[in-house]
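Below, each chain spelled out in residue letters.
There are 4 protein chains.
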Amino acid sequence: MSVPQFKEIRRTYGFDEVAIAPGVVTINPDQANIEFTIGEVTFPLPVLASAMDAVVSPAFALDMDKLGGLAVMNLEGVQTRYEDPDEVLCQVAQASPQELTALLQKIYSEPIRDNLIGERVRQIKEKGARCAVAITPASTKRLAPIAMEAGADILVVQSTVTTARHISKSYKGLIFSELLETVKAPVIVGNCVSYDATLELMETGIHGILVGVGPGAACTTREVVGVGVPQVTATLDCAEAREENYRRTGRYVSVITDGGIRTGGDLCKAFASGADAVMLGTPLAQAKEAPGQGYNWGMAATHPALPRGTRIRVGTKGSLRQILLGPSSVSDGTQNLIGALQVSMGMVGAFTIRDMHNAELIIAPAIKTEGKVFQMLQQG
Amino acid sequence: MSVPQFKEIRRTYGFDEVAIAPGVVTINPDQANIEFTIGEVTFPLPVLASAMDAVVSPAFALDMDKLGGLAVMNLEGVQTRYEDPDEVLCQVAQASPQELTALLQKIYSEPIRDNLIGERVRQIKEKGARCAVAITPASTKRLAPIAMEAGADILVVQSTVTTARHISKSYKGLIFSELLETVKAPVIVGNCVSYDATLELMETGIHGILVGVGPGAACTTREVVGVGVPQVTATLDCAEAREENYRRTGRYVSVITDGGIRTGGDLCKAFASGADAVMLGTPLAQAKEAPGQGYNWGMAATHPALPRGTRIRVGTKGSLRQILLGPSSVSDGTQNLIGALQVSMGMVGAFTIRDMHNAELIIAPAIKTEGKVFQMLQQG
Amino acid sequence: MSVPQFKEIRRTYGFDEVAIAPGVVTINPDQANIEFTIGEVTFPLPVLASAMDAVVSPAFALDMDKLGGLAVMNLEGVQTRYEDPDEVLCQVAQASPQELTALLQKIYSEPIRDNLIGERVRQIKEKGARCAVAITPASTKRLAPIAMEAGADILVVQSTVTTARHISKSYKGLIFSELLETVKAPVIVGNCVSYDATLELMETGIHGILVGVGPGAACTTREVVGVGVPQVTATLDCAEAREENYRRTGRYVSVITDGGIRTGGDLCKAFASGADAVMLGTPLAQAKEAPGQGYNWGMAATHPALPRGTRIRVGTKGSLRQILLGPSSVSDGTQNLIGALQVSMGMVGAFTIRDMHNAELIIAPAIKTEGKVFQMLQQG
Amino acid sequence: MSVPQFKEIRRTYGFDEVAIAPGVVTINPDQANIEFTIGEVTFPLPVLASAMDAVVSPAFALDMDKLGGLAVMNLEGVQTRYEDPDEVLCQVAQASPQELTALLQKIYSEPIRDNLIGERVRQIKEKGARCAVAITPASTKRLAPIAMEAGADILVVQSTVTTARHISKSYKGLIFSELLETVKAPVIVGNCVSYDATLELMETGIHGILVGVGPGAACTTREVVGVGVPQVTATLDCAEAREENYRRTGRYVSVITDGGIRTGGDLCKAFASGADAVMLGTPLAQAKEAPGQGYNWGMAATHPALPRGTRIRVGTKGSLRQILLGPSSVSDGTQNLIGALQVSMGMVGAFTIRDMHNAELIIAPAIKTEGKVFQMLQQG
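Chains as they are written, first to last, in the numbering used here: chain A, -9 to 370; chain B, -9 to 370; chain C, -9 to 370; chain D, -9 to 370.
Be a bit skeptical, because a hint or two may be false.
The list treats identical chains as interchangeable, and a pair is accepted whether it falls inside one copy or across any two copies.
Claimed, not checked - Calculated lysine-lysine pairs in the BS3-like style (CA-CA distance at most 30 Å, straight line):
1) Lys159 <-> Lys56
2) Lys56 <-> Lys174
3) Lys117 <-> Lys56
4) Lys278 <-> Lys117
5) Lys278 <-> Lys96
6) Lys96 <-> Lys131
7) Lys278 <-> Lys56
Hints in this document: simulated from the structure, not taken from any laboratory.
Here chain A stands alone, though its shape is the one from the complex (with noise of 0.2 Å):
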């Protein structure tokens, strides 16, 4: 019983193990304020669409502009390998489950072109919509001065784990506190999952973090390499991480819950976990106006030799504007995600999405679903 510990290990929480109590005050929805800051920019909606392929081009970061989110394009994906990347969408949606993981390999293995990267941010600054782009960590030196010279307002710096001390052989890791006197826009960096992690990144004086390894529907980082963090407590744990690095220095560093959100009361619980805003992947996809086609694959897909993701089917539920603003003509959770922030807001009596962030978590398992899974059999 008394055995000795070789260490020890806490119980973590994902979306579907928790639950939001409402307050002892309630609100009107319609007095909610769901603003979103970072740096000295507000978005009327505290929304990111993913940079995946499947989810945000050009086109789409215009959509997402008009309802007052904000899309960011991955830099490193078929928008800057191609010059027609609407073609190679269509490959991908069209390949059988077979010839995919080669398919993708073969895809990704194309050279990324510098010329395609200024011709993107373009494409969506000259519409007078704002810019946000992805580079990963190791590209970043090179690839970031193209796009900010090209006007990208926001700049992202992602990898599946991302720290403020990376070590490598081959290169020299990338120092955050450098890169943000040539960068000058807000830089947002993931993704991490952890309360030191997020505390040193957020001292180098970025701008946000993105929250989330392992959760998101279309990635099996988990499977294949048993690492990740269920989001609430991976939001937790970084949002306490902010409250200190405010306390300490004065600056509050947005913290975004990025993947495993499926439905409007994932999205709630994001912020009930204390996000400040919330990247949306696979929901997203669903759009008519998505380049995916119905698909959504994450980039983690396309590893030459360990892919860590698939394509999966995500159908096309309706418009940007149904999904994100409604109203919803179905009551499974998947449209009006901001109707539903706001009547979850009233119902916890939370003014603010910092009011949001002292809401009362439960852990209560979704034992529905076990009743599901019978009604579904039953039913055939």
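Start from chain A and add chains B, C and D according to the hints.
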């Protein structure tokens, strides 16, 4: 390991996760007294029928009264919007899944007609039965006087989450202490799920509270907005608020568990968790006498922009008498719910519902369930 | 967070949630002594056959005796209501699911015939086998003398929940200390699941208790009335009562785990939880010799107003000898249950059942199960 | 509530219930050193192939050696009972499920032929590869000398549960300290799962232990005899024993997690739990080079009276090189297991396996699994 905590989250429990332990003394079931009193009114059965359009019509209210329970009629549903509600109910029953949500949204956009409120109440009162009516907080000031004047005996003020302090721009929040001065009848308020919110509501002088946010079979509040508390924990917490209020004021305010009860086992666990009575939706929608014709749906399913529920097929399982009083011809706990309560009280050694509040509850996940999935899979 | 608590609820465990850890010393299985003693009587096998009509007939009792175990015959079932019970058993086996509950209710409304009680006991005794009979508490005063006079060796007083203090309007509760003065044979009482109730029963002077409320495969007590305690916790608690009673009185009263055992693994866990013997229903109903013809049902399934169980298809898996003593031709734990116990005792290093009581138990959910669901789904 | 406890039971964890948290420092995967040393011998890969007839033949041992791992040949299986084992393996692959257990029992009742032991060892040694052999404790005294004389490099003494103190009537238990005096080669002993048993075994002077009772995909030990410990807890406990033994004696004895590893994620979690190496069965049985022809079964499946395992269809997934070293053409974690380990170490910031032992482990149930059940159900 010892990460600073952004917030504490506590474990909560639903019906499927707990069981009742038998007592050290047992009694014969016929010795169990199950009466329920609200205000000055005593009912032979501690069972209320939910204010759902698929459950309570004036005719159903009479049937319920005859058996000793209390039906609550929804004053903002089809009964008060349509001269002939049966025709509309028939449309819902016959709608395809694709057209359903839009149909519900359309049906419930028809205005409430004041004259029908009086008429429905009189249909119940003229047969000598007790009449309870449900109104949302925002409409209570307007509709409650009409219903009370027509003779309603009990007023239920109900919305998904109701608190003693609601803040709104567009209308002045309902002040329950003021309402109680004008309504000379027992007032039941809901729904709520927490100790603090319940205590505040009880302090206003109301006579009963409805416990439950998100648990019903026809409800998807938790999926859509992330809010919900499993019923065992919710009932335990609200029951403790009742005790505290009683210790402070000497007034005993009834706790009524509303939603999520599908079987006799669930019903018994509600009482063992501290309920004075239960409100049933789906189990009574399965009665031959129910107006829903084998279907059920919640009022939240009709929301124009954010429906949080859907029509579910519940089937017709027997007469209302058989469902409540037996005899049961099935062994799955869906018939003879009152008989089940008495047998359960016998095993626990509880002479009264108050004794049942002292029953030992244990955490005991419904593992058999898993076995049943197998069985179903094996049977194909 | 720090909400005042209405009551404490503790976690309990069933067979599927625990496992046995191997010992620091191992022994050869042939060194494990598994004898079971009740009163002055010692049995080679620590296995009783359940007092269910689908399990024990007089012929089955003889088979069980030959192998070294003990069959308990139900004195209030078909054997004592019908001259030719086989015909009735055949009807049950052939009934459709729709007509089943009504048929069981009808079959068991036939009166018990005193002359058949004596006859069934004599059918067992005249072949030289030991005879154990089961009677409900309410009928014990009337039926026990008849059975004892006919030669029954062991009396089992059994109902779903039995306590030393039962309160009834209609009949004076059975006083076990008085019963023991008239019955000059070992008396086993059940069922119970708690430390306190067990201790009170043991103090009356009885010789064994049956542990288990709600766990059996053919039982739906938990679904219907919410009452039930998982078998590992129930056995642990009753075993601790046995120890306490032994410390106080020097009398060792046997603990017999009854219900919920489907495999050799479950059986071994019962002993590791503190059982002195086990009572098996479904595993023995699967024997070629069982009267149920591939089906099983509990006595609670026949209740006229509140049936709490149903007929389940268990199939015929092998001879009684093969099921108990092997050799096993399958690898799923349903054959050679005694061989399994001895191998388990070998891994634990337990020379006796008392040693097995000291085995380390761990909480280890049966995750493989989930994998099996997949497998089954994948295989279609 | 405060019931006296018969025994304490502690929670244990398996691979599906935990995940690895990324580190505060990350490194490039190519900087991860994964060498494994046993005794004086160092292997490029920390992977052993299980002593199962469907996994290791002499030819497979050569393939494994070429890639840098170590195959363990079973000296009591078909290789030493049959001149032509391929024919027998073919029979197993072609047997129907109904006839399988009986067929295995028959095949393994053929006697072991001493001359074949030497021949199989020589088949491996004459190609210059390292040769490891597995023998049960009861046969070690007889068979080990033959194998060592033929040139075996490493001796594995293996049974389901092995302790330093085994008690038997029929033969004198194996004394490991005595064995080590005669065998001049590294000795690995298993299987064990507890701190105490591991510590006692390590004190005898052995060089490595195999961790795992009951976790393998082809094993039903837990179902049949109730015994088994989930692999994460087992590895953690045995790793702590290794540390304690090292503190006391200065000798570092290797801990090898054996069984239950199906994916790269599982493998990485084994190392994060404290393993120095892993032993793989099913993942390698899926190699084209494996003798099992797409099937796998454990030795316990062949027991004449109590089979505790069965043949499972594992399929053929790729070449041994692809499974171990990639590149992977799938995203489910079944290929490029070594690449996965290096990527995982990169995310954790672990330069060596010893660093990996310090990785943070979290409890994070595989909830996605449930989603997958849905998905599968929905896809029909």
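Checked hints:
1. Lys159 <-> Lys56: between (44 Å within a copy, 28 Å between copies)
2. Lys56 <-> Lys174: Answer is within; shortest intra-copy Cα gap is 24 Å, inter-copy 53 Å.
3. Lys117 <-> Lys56: within (11 Å within a copy, 60 Å between copies)
4. Lys278 <-> Lys117: within (21 Å within a copy, 56 Å between copies)
5. Lys278 <-> Lys96: both (27 Å within a copy, 25 Å between copies)
6. Lys96 <-> Lys131: Result: close within a single copy only, 25 Å intra versus 56 Å inter.
7. Lys278 <-> Lys56: Answer is within: at 15 Å inside a copy they meet the 30 Å cutoff, but 52 Å across does not.
Going through the hint list in order, the structure satisfies each hint without exception.
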